[in-house]
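Protein chains: 2
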Amino acid sequence: MSDSIYTNYPPELNPAQKDFLVKTIKDWATQNGLMVRPPPTFISKESDPYGVLATNAPVTLFPSLFPRACFEEAKALQTVYNKLYAAITCNEEWLGKIMEDLIDVDDFISRLWKVHRSVKKGGGYVQNLSLGLYRSDYMAHAPTNANAPSLKQVEFNTISSSFGGLSSLVRKLHSELLTSPPGYPISYPSHPLFESNVPPENTAVETLSAGLAAAHSAYGPSKSTPALPTCILFVVQENERNIFDQLALSRQLTTVHKIPVFRLVSTEILDHTSIAGSNASRPLIYRPPHSPDTQFEVTTVYLRCFYAPTDYTSERDWEARTQLELSAAIKCPTVLNQLAGSKIIQQVLAETAGPDHLANFLADTDPATVARLRETFAPQYDLSSNGRGRELALNPETALNHVLKPQREGGGNNVYKSAIPDFLRSIPESEWKRWILMELIRPPAEAKNVALRSDGEVLSGKVIGELGIYGTILWDQSNGNVLQNEQGGWLMRTKAKDVNEGGVATGFSSLDSILLF
Amino acid sequence: MSDSIYTNYPPELNPAQKDFLVKTIKDWATQNGLMVRPPPTFISKESDPYGVLATNAPVTLFPSLFPRACFEEAKALQTVYNKLYAAITCNEEWLGKIMEDLIDVDDFISRLWKVHRSVKKGGGYVQNLSLGLYRSDYMAHAPTNANAPSLKQVEFNTISSSFGGLSSLVRKLHSELLTSPPGYPISYPSHPLFESNVPPENTAVETLSAGLAAAHSAYGPSKSTPALPTCILFVVQENERNIFDQLALSRQLTTVHKIPVFRLVSTEILDHTSIAGSNASRPLIYRPPHSPDTQFEVTTVYLRCFYAPTDYTSERDWEARTQLELSAAIKCPTVLNQLAGSKIIQQVLAETAGPDHLANFLADTDPATVARLRETFAPQYDLSSNGRGRELALNPETALNHVLKPQREGGGNNVYKSAIPDFLRSIPESEWKRWILMELIRPPAEAKNVALRSDGEVLSGKVIGELGIYGTILWDQSNGNVLQNEQGGWLMRTKAKDVNEGGVATGFSSLDSILLF
Chain A
1 MSDSIYTNYP PELNPAQKDF LVKTIKDWAT QNGLMVRPPP TFISKESDPY GVLATNAPVT
61 LFPSLFPRAC FEEAKALQTV YNKLYAAITC NEEWLGKIME DLIDVDDFIS RLWKVHRSVK
121 KGGGYVQNLS LGLYRSDYMA HAPTNANAPS LKQVEFNTIS SSFGGLSSLV RKLHSELLTS
181 PPGYPISYPS HPLFESNVPP ENTAVETLSA GLAAAHSAYG PSKSTPALPT CILFVVQENE
241 RNIFDQLALS RQLTTVHKIP VFRLVSTEIL DHTSIAGSNA SRPLIYRPPH SPDTQFEVTT
301 VYLRCFYAPT DYTSERDWEA RTQLELSAAI KCPTVLNQLA GSKIIQQVLA ETAGPDHLAN
361 FLADTDPATV ARLRETFAPQ YDLSSNGRGR ELALNPETAL NHVLKPQREG GGNNVYKSAI
421 PDFLRSIPES EWKRWILMEL IRPPAEAKNV ALRSDGEVLS GKVIGELGIY GTILWDQSNG
481 NVLQNEQGGW LMRTKAKDVN EGGVATGFSS LDSILLF
Chain B
1 MSDSIYTNYP PELNPAQKDF LVKTIKDWAT QNGLMVRPPP TFISKESDPY GVLATNAPVT
61 LFPSLFPRAC FEEAKALQTV YNKLYAAITC NEEWLGKIME DLIDVDDFIS RLWKVHRSVK
121 KGGGYVQNLS LGLYRSDYMA HAPTNANAPS LKQVEFNTIS SSFGGLSSLV RKLHSELLTS
181 PPGYPISYPS HPLFESNVPP ENTAVETLSA GLAAAHSAYG PSKSTPALPT CILFVVQENE
241 RNIFDQLALS RQLTTVHKIP VFRLVSTEIL DHTSIAGSNA SRPLIYRPPH SPDTQFEVTT
301 VYLRCFYAPT DYTSERDWEA RTQLELSAAI KCPTVLNQLA GSKIIQQVLA ETAGPDHLAN
361 FLADTDPATV ARLRETFAPQ YDLSSNGRGR ELALNPETAL NHVLKPQREG GGNNVYKSAI
421 PDFLRSIPES EWKRWILMEL IRPPAEAKNV ALRSDGEVLS GKVIGELGIY GTILWDQSNG
481 NVLQNEQGGW LMRTKAKDVN EGGVATGFSS LDSILLF
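Heads up: the protein sequence lines correspond to chains A and B, in order. Numbered by full-length UniProt numbering, the letters in the first sequence go through residues 1 to 517 in order. Numbered by full-length UniProt numbering, the letters in the second sequence go through residues 1 to 517 in order.
Hints listed in this document are in silico derivations from the structure and should not be mistaken for laboratory results. Treat the hints loosely; a few may be bogus.
One copy or two, either will do: identical chains are not told apart, so a pair holds if it fits within one copy or between any two.
The list that follows gives simulated cross-link-like pairs (lysine-lysine, DSSO-like), each with its CA atoms no further than 30 Å apart [said to hold, decoys possible]:
| no. | residue 1 | residue 2 |
| --- | --- | --- |
| 1 | K462 | K417 |
| 2 | K75 | K462 |
| 3 | K97 | K120 |
| 4 | K258 | K23 |
| 5 | K23 | K45 |
Okay, chain A solo, but in the shape it has when bound (with noise of 0.2 Å):
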């Protein structure tokens, strides 16, 4: 398919036009609570001493072209994505090699899978049940114009899979903008794209919820003497500035499943959560600094933290992870299911030497759709000793193809293309094998978006769009018993063509939504 669907889109905004959209979506935005605490850089705590203040989250003027083929594909694959990814967690001897093996050269990683250790040395899990809420990224794969584009794994998200929440309200924004006022829509200048399209469905808050809820009533009746109420707890940063999109869920679980829900943040969780000594079934005990009398149960733990190193200020923030893990309460994600979202794992899931780890962790599914799965992986490659990867990172031209990310979940630190092999020749061969070496996607080069930032800044320009599916799955550690598998609900995130290139700060990073074509 060609690639000039891009050319002429998004529609030229005259002034007007542009100041109409951009006050429209300010207006909308603080309307809906599409919103972001403003970022330090932006208005410092002086000004806004007490933290009241509330600017739109960065988002595009516009929805993005994507191809309808690779989104219809990433939705068909999500639920077998949940299931691999919950068959490696069970599979923790195959996960503890692969770890292992990264102690000396990582911190973080290393200090998870101790977090482990000594859950397994004091007394091991007494909670079976793992739910696992996850959004794997994508890009449409389009190196040439003769090709129709395909689906490429940007990464796999087991931790904090964040903008569900914000991202239905994108959705929502957009839509409403093509279709306004109702009847004569002339919001946006018109287009043939826009004629009777609006972006798909997207019921991220409702999946996302419905899978902490489902985890909520698995876990059975109180256990406790007497019986406590129960609770699910959202464990989160301090001065979280993406609240917003937390609090989507929280609002779902209370409004729709009528389930008590509490915010802790994560250096409190020892001041306000025990468990009991006495009780071998180790509930989780929280106790709301505000009602102190008053206990609940905490049936299911959400993390929105602790998936990077600065989210542990101090050894009693890794005594608190390890509480929560000790503890009867579901956990999203465990310490496991954290770790089997390492890039390492995507990496070695990748490899088409030695064993056909695919094939052996989705035994059960019929080898069309494993093969449908595995399509969408780029070429990744381990740096770990002499081989093709570090043939292709450490010559420039070939360098150029590519991109090196760290081997833990996060993004932010990639290095790109020429700068590779410089930036492997600084640092010591024995740290490496942090890295993973991935073959460069190539999105449509002219896709263009028009953004809104969060201080009130537009910018247009090429664009990178990466495509989030959001699934949710829970299932049994002990035997694999998959209870819940879910997909439902997407993320569009739309980045400036040199932010992702370099992280220019005049660039930008914005939510967005979809028109299939």
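On the provided structure of chain A, position chain B as indicated by the hints.
Just chain B, lined up with the frame of chain A:
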């Protein structure tokens, strides 16, 4: 009834409870659009050059207590009040006599009256239908503890009756706090008045929007040749901080009633609207600046501006107001209906000597109901000549029981109690007739609440609460026929006591909701 119910309300908050409530309310407000743009005293234009920031509307932490009987009476009387103000507006001769008396002392009333006169001279009105979106404001009057509180009217608003949108949200906020988490409500400290008690339903958004929709539909088909699509036009102030209150109505009109709504800043009326000179029915044509080739015919002009002298920055704004008035669009309100909302009208209606204007205007309403409506009037006096009013105002002892209000609608320039005699003596006697003397309403003395301001400061203390009831009426100005007359929705506004009686900057004026008792 004893005032003592207020003594132990609201419950005391310890620091952890207060922190929890403030944080929860701040976040809830942002998630749900209970927002305002920050005032320049809080955030300068410099810190937010693009005007993207928003903050919570000022809001009380608790719903305030309000006597159920007073609330029910206010609701029961709203459609009678609607009818009364429509009838006053229809009696141009009666209204004109009062207004012409003020022309020499009040520039603003004089200018408004001139707009009406110039339409009369310029071929007369082409639109007989008139729409009122009203709010009648009351206090519970409880001068002693011995008697049940009675309902007393503070003022009646016929233009830009605001806060319907945000008020519905405050009701939702307080209701959620009262019942959360589901099944185990502990967001508030426990209090007997919280048991199975939530604020009454608040349909302000639905009612006000339905009023606008009724006018839109009553306008009928386009009067242009060829026919144009029709729309409702919100005419607004530049840099409106309370925009999210207004957007709650446009969202309802767009999503539920499927009516195109546009916003137009008052200074741009003449740039983007016109009346086709060749068309005797004078349809008002709106050309959206972002799509100037598209023309809409305006069925209904909803004014959220033009209520204060400062809204007219030049002769051009008066010209614009005149153009709207001349056009076929249904005005909400007309100049005449706006003038009917002047405080002087309220005072004339309340006069106990002379003709019974109230009974005359409500000739077809049963006398018992008229008597109940009259019961809501606080004693008030005109100061145009020697008499009871001047006596009460100039005597330092009786002045203590009164407030002096400009006879124009608006509020904010009141003179209270001991300040009255000196104030009057400081202005020429010829200007006294610009003022109305009103007996002070005595709200429950022990009422207290805690407020979260827009800048994040939390203040608590004794308060005065003002209840507004919304009503809408659509009538034919040529014959007084009423096409639709509805009541629905309410507003509770709560002020720190010192603010009300002196305008101290450290106080607060907050949106609130009510618990009936």
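field: Numbers of unmet hints, in rising order
entry: none
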